[in-house]
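> Make the full structure from the sequences, and use the hints.
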Amino acid sequence: MPDYKRARTDEQKEERMSQIKKAADELFKSMPYTEITLSTIAEKQDWSRANLYKYVTTKEEIYLEITQDRMTEYLNSLLTVFPEGCKFTPETVAEIWTAQVASHEDYFRYVAFLLTIIERNVTVERLTVFKKTYYDLAFVLQKRLSYALGITEDQADNLFLAIMNYGASYFSNCLVNPLIIQALKTLKIKPKELDLARDVKDFILMNIDWMKKGK
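For reference, each letter of the sequence shown is one residue, going 10 to 224 in our numbering.
Hints are computed from structural coordinates only; laboratory data are not their basis. Please note: incorrect hints may appear among the correct ones.
Claimed, not checked - Simulated pairs of lysine-lysine, DSS-like, Cα-Cα distance not exceeding 30 Å: (1) Lys221 - Lys140; (2) Lys210 - Lys199; (3) Lys96 - Lys221; (4) Lys31 - Lys140; (5) Lys199 - Lys38; (6) Lys152 - Lys96; (7) Lys53 - Lys63; (8) Lys221 - Lys38; (9) Lys199 - Lys221; (10) Lys96 - Lys210; (11) Lys63 - Lys96; (12) Lys141 - Lys152; (13) Lys22 - Lys140; (14) Lys141 - Lys38; (15) Lys30 - Lys140; (16) Lys210 - Lys140; (17) Lys141 - Lys22; (18) Lys197 - Lys221; (19) Lys140 - Lys38; (20) Lys141 - Lys96; (21) Lys53 - Lys31; (22) Lys22 - Lys63; (23) Lys222 - Lys194; (24) Lys141 - Lys30.
Quick caveat: nothing in here was measured; it's all calculated off a predicted structure.
Shown next, in the form of structure tokens:
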């Protein structure tokens, strides 16, 4: 975008922010997060860093918005597959939810950085918008899961958070790090074989079983 022109209208600003997020997302998928800076994001679009500062002040503000987009897609998908007023067996919930985890890998990769880095380096105004988006959808999901599984709403919330954190750690598993793979090979240690469909489903079933017993 060599002919940079500052956005004036809300529509132009939204379009410009979409371009910024697209560039940042592409960098996230191609290089370590720690190596991404506002400068690299600006260069990706043939902008100057000064131009980028007109829209954000930290890279985390960009990644918070990307995470919000991915989170909204994920939560809306869960609300679609778990409609209001339906009962499900734990096995069915685990199978359906595992498929949702698999199809929203990007969301979980961003969550791995959300609590420890992204949320700590944004304005309270941006974070408030993010949290409102989350709770508006999460509260609805809690009620549906509570009814569907016969557990409390607090337990449904804990189930969602447990799966969120498990998914984040699963997709950023150290066993996919090429350096660690080489180190284990040198030590003649065979790494655990990962199987998302099996591992995530087993994790969900384990949590549901524990919650239903402790209700």
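> Each hint needs a verdict: does it hold in this structure or not?
Comparing the hints with the structure gives:
| no. | hint | verdict |
| --- | --- | --- |
| 1 | Lys221 - Lys140 | holds (28 Å) |
| 2 | Lys210 - Lys199 | holds (23 Å) |
| 3 | Lys96 - Lys221 | holds (14 Å) |
| 4 | Lys31 - Lys140 | holds (22 Å) |
| 5 | Lys199 - Lys38 | holds (27 Å) |
| 6 | Lys152 - Lys96 | holds (12 Å) |
| 7 | Lys53 - Lys63 | holds (16 Å) |
| 8 | Lys221 - Lys38 | violated (38 Å) |
| 9 | Lys199 - Lys221 | violated (36 Å) |
| 10 | Lys96 - Lys210 | holds (18 Å) |
| 11 | Lys63 - Lys96 | violated (49 Å) |
| 12 | Lys141 - Lys152 | holds (17 Å) |
| 13 | Lys22 - Lys140 | holds (22 Å) |
| 14 | Lys141 - Lys38 | holds (27 Å) |
| 15 | Lys30 - Lys140 | holds (19 Å) |
| 16 | Lys210 - Lys140 | holds (28 Å) |
| 17 | Lys141 - Lys22 | holds (22 Å) |
| 18 | Lys197 - Lys221 | violated (41 Å) |
| 19 | Lys140 - Lys38 | holds (25 Å) |
| 20 | Lys141 - Lys96 | holds (28 Å) |
| 21 | Lys53 - Lys31 | holds (10 Å) |
| 22 | Lys22 - Lys63 | holds (10 Å) |
| 23 | Lys222 - Lys194 | violated (42 Å) |
| 24 | Lys141 - Lys30 | holds (20 Å) |
In this structure, the hints that do not hold are numbers 8, 9, 11, 18, 23, in rising order.
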